[in-house]
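Asks: My request is simple: use the sequences and hints to build the entire structure.
Respectively, the protein sequence lines represent chains B and U.
Read in the working numbering, the first sequence has 81 at position 81, and its numbers run on one by one without any break.
Read in the working numbering, the second sequence has 201 at position 201, and its numbers run on one by one without any break.
You can trust all of the hints, since none of them are fake.
Lysine-lysine pairs mimicking BS3-like chemistry, simulated, CA-CA at most 30 Å apart:
#1 U:16 x B:146
#2 U:17 x B:128
#3 U:542 x U:456
#4 B:128 x U:16
None of these hints come from the bench; they were simulated from the model.
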Amino acid sequence: MNSSTTQSLIELSAVDKTYPTAQGVFPALKRINLSVCAAEFVAIVGKSGSGKSTLMNVISGVDCISSGAIRIGNTNIQTLNETQLAIFRGKNIGIIFQFFQLLPTLTIIENVMLPMDFCNTYPAAQRKQRAQALLTKLGIAEQADKFPSALSGGQQQRAAIARALANDPPILLADEPTGNLDSDTTQSIMQLFAQLVREGKTLLMVTHERDFSDYFSRTITLKDGQLMGDAHA
Amino acid sequence: MRMLSPRWIKLTRDLKKAPGRVFIMLAAMAAGIFGFATLLTSYTLLTREVSRNYAATHPASARVQADSINASLLAAVRQFPAVAFAQAGASVHGSIYDAAGELHPLTVFVIDDFQQLNINTFFAEAGAWPPLPNTLLLERNSLKVLKARLNDPLRLQLQGGDWVTTRASGSAHDPALAFSNYYVYAYASLNTVQALGVKTSFTDINIRTHEPLNARAIEQTASAVALWLQQQGHKVGAIRIPPPGEHPHQAIMFGVISAFLVFSVVAFVLCAVLMATLIDGLMAPQLRQIGVMKTLGACHWQIAIMYLSFVGVLGVLATLVAVPCGVLFGQSLSRGMLVNWLNFNVQSLHIPQSVYILLVAAGVLVPMLAALVPIAWAIGVPVQTTLSYAGTGRGRDALNQWGAWLVRLLRANRVIAMALRNCLRRPGRLLQVVSLLAFAGAVFISALNVRHAVEKQLSAAAAQRHYDLEIHLASPASGQAVLTILMKVAGIEQAQTWSQTPVARHRADGLTIETTYPDDSHGLLSIAAIAPDSTFLTPAIKSGRGLNQLGIDEVVLNGKALHAFEQPIIDERITLSVGGRVAALQVVGIADEKMSPGIAYVSAATYEKLTNQQDLYTNFRIRMTDHRAENVAIKAREIESVLAQQHFYVTGSISEQKLRYEVDGHLSMLINALLQVALLIALVGLIGMGSALCGQITERSGEFGVMRILGAGSKTLMQIILAEGMFIGFISWLAALIVSVPLALGIGYFLGNLIFDQAFEFVFSPHAIGSWFVILISGALVACMYPAWKAVRMNIRSSFAY
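Replies: Written out as structure tokens, the structure is:
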């Protein structure tokens with residue numbers, strides 16, 4: 001992905017997202033304008049139903065917008081078809097889920113190798129080595145050949161982060177990644193995220209936790225689908 | 001060794017985790033392919049072997065009856081440009097006793113030269129060839145009919161002559177003859193026939209034309225030969241031209257073969273529906289993982305290839321197992337039908353490469369094509385939906401309301417209520433499973449309905465005959481004299497004369513052309529006289545008058561006769577040639593006489609006028625007071641004995657039971673084939689239901705964990721799952737009843753017209769409906785057992801981990 005340093009990495013312009021419901025059209029996002037630069041660590045906060053996850057979904061291309069535009073790097077993602085979007089997402093965006101979503105029948109190292117396999121970003125011979133290196137970096141190298149069910153929540157989330165980093169994407173999107181973890185593990189995960197941001201990754205994280213403000217370079221607040229606050233640290 | 005890429009590792013491990021499910025899928029695919037392979041193999045072999053067997057006999061294109069047949073005359077006939085070969089022949093009719101002392105009609109074909117058979121060829125089977133002097137060569141099936149072995153003494157009489165004893169020194173196989181459980185066929189030289197008391201010579205010139213399948217050319221050639229013979233001063237009798245290239249039982253065999261083809265296509269479609277159901281069951285639990293893979297950069301086509309490859313591999317495995325088994329079973333089935341039911345030899349069980357290619361292509365591609373729909377559905381589900389997928393489909397609100405209404409209506413308890421709502425939670429899946437079972441049920445019911453209709457047709461044919469025994473005398477006798485004797489026999493309620501003689505359509509050139517086979521029976525068109533007060537034969541009258549309301553020169557045609565005269569209408573006149581005499585008769589009625597050769601019914605007075613026979617009869621029909629088969633057999637012997645004392649010799653008798661057996665035997669193979677097909681299709685449908693239920697249980701593992709936590713015991717879980725199966729089974733049964741109506745009508749129309757020249761009457765066989773209900777509900781219970789057992793065994797932790 002190419003983007004000049006002066007340009008924002010993620011640009012949302014007048015983004016609307018609505019859902020049809022039995023009661024009528026429900027607006028999940030209302031005219032969101034947002035710009036995120038490289039190496040920012042952005043917290044997205046708000047109450048349940050405020051549109052945080054929807055915002056993450058439309059940025060990742062997992063969900064499509066109703067109107068407006070989303071540019072990531074030099075790519076307007078709403079112009080991509082499903083296949084192009086999948087490849088773009090695989091190479092440029094790493095997604096970290098609250099419930100880890102590791103594939104249960106793959107070992108940890110195989111889970112990490114999977115994005116490289118789909119996107120063909122690294123030669124087949126190098127994938128295992130790279131996956132092993134990522135697991136070492138995240139401190140779970142000894143768990144490489146275990147299945148997800150044999151790992152603790154914290155270890156599984158580290159594995160999920162390693163998987164998100166597999167294709168070396170510039171952007172990481174994390175949807176309540178610590179929501180399912182104890183406080184000690186949460187702290188270590190947050191430190192890990194901070195380190196990744198220092199290494200140049202751009203990280204958008206949905207969270208309910210207000211205690212992590214020290215980690216974030218910016219906090220965006222959503223309410224009823226609208227951008228209510230944008231505070232830089 | 002290079003490591004398998006993670007996506008394939010995932011797929012492999014997913015499958016290893018569910019061996020039972022994979023096995024069921026494999027079994028279902030194999031069952032579908034097996035059915036298709038069996039039916040296609042049977043269709044291929046039957047079509048080929050029936051044609052080959054008949055063609056191998058080089059059947060005569062035509063028989064021209066003439067006098068003074070000798071070598072020079074045959075040589076002259078062979079000079080006709082259209083004649084490929086000509087050969088002398090004759091056939092004499094009589095009676096023969098079997099080993100149990102029962103009489104059978106006998107036809108002896110008189111052979112000019114056993115070493116030079118170029119027309120109506122038959123093949124040496126055992127014993128002497130040619131037969132030893134003054135002995136017969138018996139057709140191999142006739143040996144079974146007579147319950148005799150070679151060289152056993154055979155008591156017979158020919159052409160009303162004296163009873164003589166001879167033996168069969170050899171046996172032969174004649175595939176051109178219609179298979180019979182009653183009629184006896186033999187071959188003998190002219191010298192032997194004369195030694196057996198028949199003063200005969202060769203009466204037929206058998207002709208084979210250069211275009212043996214061209215009916216018009218055959219008729220032209222035979223007519224030209226007959227007219228030339230007349231010009232040469234020979235007396236020419238009837239010309240007999242059987243339908244070119246058609247075995248006497250061709251229509252029935254073609255019906256059976258067509259039934260195979262129809263049901264092989266149906267099995268094929270069913271197989272595809274089953275595949276779609278199975279794959280849908282496989283995809284549902286994978287939805288969330290598919291969503292995750294998409295977030296990791298997997299393209300739609302990459303995911304599609306993963307699952308299609310899996311289906312392809314299963315298809316290959318199922319094909320590898322099922323195609324050889326299906327082909328072997330089809331070969332065995334065909335061999336049984338050809339040998340046991342048709343008296344054919346299987347010349348080769350070879351299956352053409354094209355059939356294998358079709359089977360392999362079907363085995364591999366059809367599952368993949370069928371899988372495309374559920375795979376495309378699974379891949380098309382948006383990522384955010386897959387990540388929160390709970391096993392419910394679109395439109396659930398409306399269906400939930402229906403479910404709630406149904407629960408209230410049935411005053412269902414908690415278990416039934418949950419089962420009903422679970423069934424309705426994914427309407428698409430429910431529709432798919434119900435469609436599969438409804439289709440399978442419809443085919444099952446249709447197959448049994450057709451079987452029932454065939455049986456009903458046979459029963460209806462029997463119900464039109466109101467007599468117990470028909471006897472045939474060696475020579476015409478006074479009807480009054482014989483009837484007087486018969487009525488003195490205790491247990492005889494009524495006896496009537498029965499007159500029947502072959503006829504042909506009249507031609508301007510004066511020739512008589514009949515469409516009769518060499519056995520002088522199949523394909524025969526005849527006129528029959530009905531006594532004015534007769535109640536022995538009561539066919540339904542389709543239009544016009546009945547058989548008992550005929551005046552002079554009036555005729556009622558049955559269905560087969562109607563075809564022979566190209567569908568004349570009431571009040572039109574038809575012109576017949578009766579023993580060389582021309583008769584113009586007015587059609588006054590059309591009778592719906594089932595399972596009968598072509599007969600034109602006239603009054604006794606008209607018959608006497610046409611045949612010039614007054615009170616001379618060879619056939620008599622008798623009604624007993626006791627209609628039981630054993631009584632009729634005893635009375636038949638008594639009648640033979642009583643008539644013999646008065647010098648009236650019975651040369652053949654056929655009871656209603658034997659006639660029914662003979663007629664029914666023609667269709668037994670169709671009936672049995674339909675039953676086998678029905679059972680196969682039922683099996684495929686039930687496997688589909690079991691697999692679909694397995695899928696539903698698997699994707700609801702988490703729910704079962706929650707229910708366990710809330711206090712649901714194993715019994716409750718099992719009851720819910722079994723009730724779901726029963727509910728699906730019940731609505732599938734109802735749907736099958738509806739779908740089977742058009743299906744049974746369509747199949748009945750096609751096969752009925754093919755075999756009986758009229759669509760089968762549509763009847764819902766209670767037996768079929770009841771059988772399918774029992775099969776479905778008990779099958780549903782069995783099919784649910786495994787998923788229920790699986791759900792009960794799953795511990796809470798693993799149910800959430802899924």
